[in-house]
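The listed protein sequences derive, respectively, from chains A and B.
So the mapping is simple: my numbering equals the position in the first sequence, first residue as 1, plus 2.
So the mapping is simple: my numbering equals the position in the second sequence, first residue as 1, plus 10.
These are calculated hints, taken from the structure and not from any lab test.
Check each hint, because a few of them may be wrong.
[What the hints assert, rightly or not] Here are the simulated EDC-like cross-link-like pairs (lysine to aspartate or glutamate), alpha carbons at most 20 Å apart as the crow flies:
#	chain 1	residue 1	chain 2	residue 2
1	B	Lys335	A	Glu88
2	B	Lys334	A	Glu86
3	A	Lys65	B	Asp131
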Amino acid sequence: MKVVEGLYYSKDHEWVKVDGDFAYVGIADYAQDHLGDIVYVELPDVDDELEKEDSFAAVESVKAAADVYLPIGGTVVEVNEALEDEPALINADPYANWIIKIEISDKSELDDLMSSEEYEKFLAEEE
Amino acid sequence: MSAKKTPLYDEHVKLGGNVVDYAGWALPVQYEGLIPEHEAVRNAVGMFDVSHMGEITVKGKEALAFLDYLLTNDITTLVDNQILYTMMCYPDGGVVDDLLVYRYNSEYFYLVVNAANCDKDFEWIVNQKGDYDVEIENVSDGVGQVAIQGPDAEKTLQKLTETDLSQIKYYYFQDEVMVDGVKCMVSRTGYTGEDGFEVYTDLEGVVKVWNSVLEAGKEYGIKPAGLGCRDTLRFEASLPLYGNEISRDITPLEGGLRFFVKFKKESDFIGKEGLQKQLDAGLERKLAGLELLGRGIPREGYEVQKDGEKIGHITTGYMSPTLKKGIANALLKPEFTEIDTEVDVIIRNKPVKAKVIKRSFLKNK
Chain A
3 MKVVEGLYYS
13 KDHEWVKVDG
23 DFAYVGIADY
33 AQDHLGDIVY
43 VELPDVDDEL
53 EKEDSFAAVE
63 SVKAAADVYL
73 PIGGTVVEVN
83 EALEDEPALI
93 NADPYANWII
103 KIEISDKSEL
113 DDLMSSEEYE
123 KFLAEEE
Chain B
11 MSAKKTPLYD
21 EHVKLGGNVV
31 DYAGWALPVQ
41 YEGLIPEHEA
51 VRNAVGMFDV
61 SHMGEITVKG
71 KEALAFLDYL
81 LTNDITTLVD
91 NQILYTMMCY
101 PDGGVVDDLL
111 VYRYNSEYFY
121 LVVNAANCDK
131 DFEWIVNQKG
141 DYDVEIENVS
151 DGVGQVAIQG
161 PDAEKTLQKL
171 TETDLSQIKY
181 YYFQDEVMVD
191 GVKCMVSRTG
201 YTGEDGFEVY
211 TDLEGVVKVW
221 NSVLEAGKEY
231 GIKPAGLGCR
241 DTLRFEASLP
251 LYGNEISRDI
261 TPLEGGLRFF
271 VKFKKESDFI
281 GKEGLQKQLD
291 AGLERKLAGL
301 ELLGRGIPRE
311 GYEVQKDGEK
321 IGHITTGYMS
331 PTLKKGIANA
341 LLKPEFTEID
351 TEVDVIIRNK
361 PVKAKVIKRS
371 FLKNK
């Protein structure tokens, strides 16, 4: 499974890329691989105020629907609308195709997440 | 308790199948992916391991009369080597199982039942035997089965046998067909809505047949196909799944399978009274097709509402790989099952618009 350096990871296999006061959030390679071909993505609305661990999107393959949880709280400032027409972009490159961009509420919540090294170890134990 | 392995387990692992526990059997959900496998069956050919299915033989002087009493469809219409789809019901009309009946002759029938129901079915059948002069045997453990399905299924299988497969008509079978040297029983049946065959043999033979068919089908782009697309294919073809569209609590009348209940056949049969009573009282719910008009995917178990009131639930639903839209079977109050009726499917606590459509989904292609 591909893991990208410099991102934060959650145990639910979401990733967070911090950009100043903002962050991009998506799902990790492990999550897209386990779901299989993604055929539908449900996105939140811009300006939604979300807390850490709120379900903010749904990613669905033919077989199953998976909720995606926000690893840190924040306000949605942008959603990746390209996923509405081409949900399979997440399969193609789960790290380039973020799902939402948020304004971070509390940066200290990042401390609870894993670094790429820690996430690699976590994945090795999951297998 | 660990899942039982079919004789093809090692082949699934070799092919990279994503093996899960399904009804107590270790079987692959998919190999390469659900969508490519689904498309291979719709457009070319795919092969499924269905060795988990149950097989029960009913033999004896009164086999025909016994099955006519046990089953809802009219078994007396069958000729030798013909197959019938039927329900087996409880007296109240609930379904014990849906199954295929193969007639070898009037004193020898071969029943193919759902894996998850096989033990229950066997017990039920034995308990109904009474004074009928029949012998009932569960032969499941000795049978391996593959389903070769798709428009190129006949061409693929024909390469491996001298038997002229074009002579086996839809819902007929032939015994002692040699498939690459393995003695098989071959029927023109399936669970995908495509042309195809189901091939029955012993546990050793089925491994050879599996590998020979994969080789023979290469030129047509054959793919091994998993349980994932088995369900999407049967759903698109409007074929019911026990536990979803029919069950102990969902009768064949509610599940849209009235055609397979022959109220007018000569003999009495188990379930007739219960089903007749339901028919006379009027159905309280009925299976309908739905197409989602808003965004999302209608899935099994989702509630269906009209003006905020619950009117039923979805029994099977998918983003159809063939039609590329969200479609579903829903068990609804009958007054909401007219074509074009607008209803709401509740997806993650939000109502999404849908309309009632005909259940012959593939004809809307």
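Checklist entry - Is Lys335(B) within 20 Å of Glu88(A), Cα to Cα? => result Roughly 14 Å between the alpha carbons, so the hint for Lys335(B) and Glu88(A) holds.
Checklist entry - Taking 20 Å as the top limit, are the C-alpha atoms of Lys334(B) and Glu86(A) close enough? => result holds (14 Å)
Checklist entry - Are the Cα atoms of Lys65(A) and Asp131(B) separated by 20 Å or less? => result Since the Cα atoms of Lys65(A) and Asp131(B) sit roughly 29 Å apart, the hinted pair is violated (cutoff 20 Å).
In summary, the one numbered hint that this structure violates is 3.
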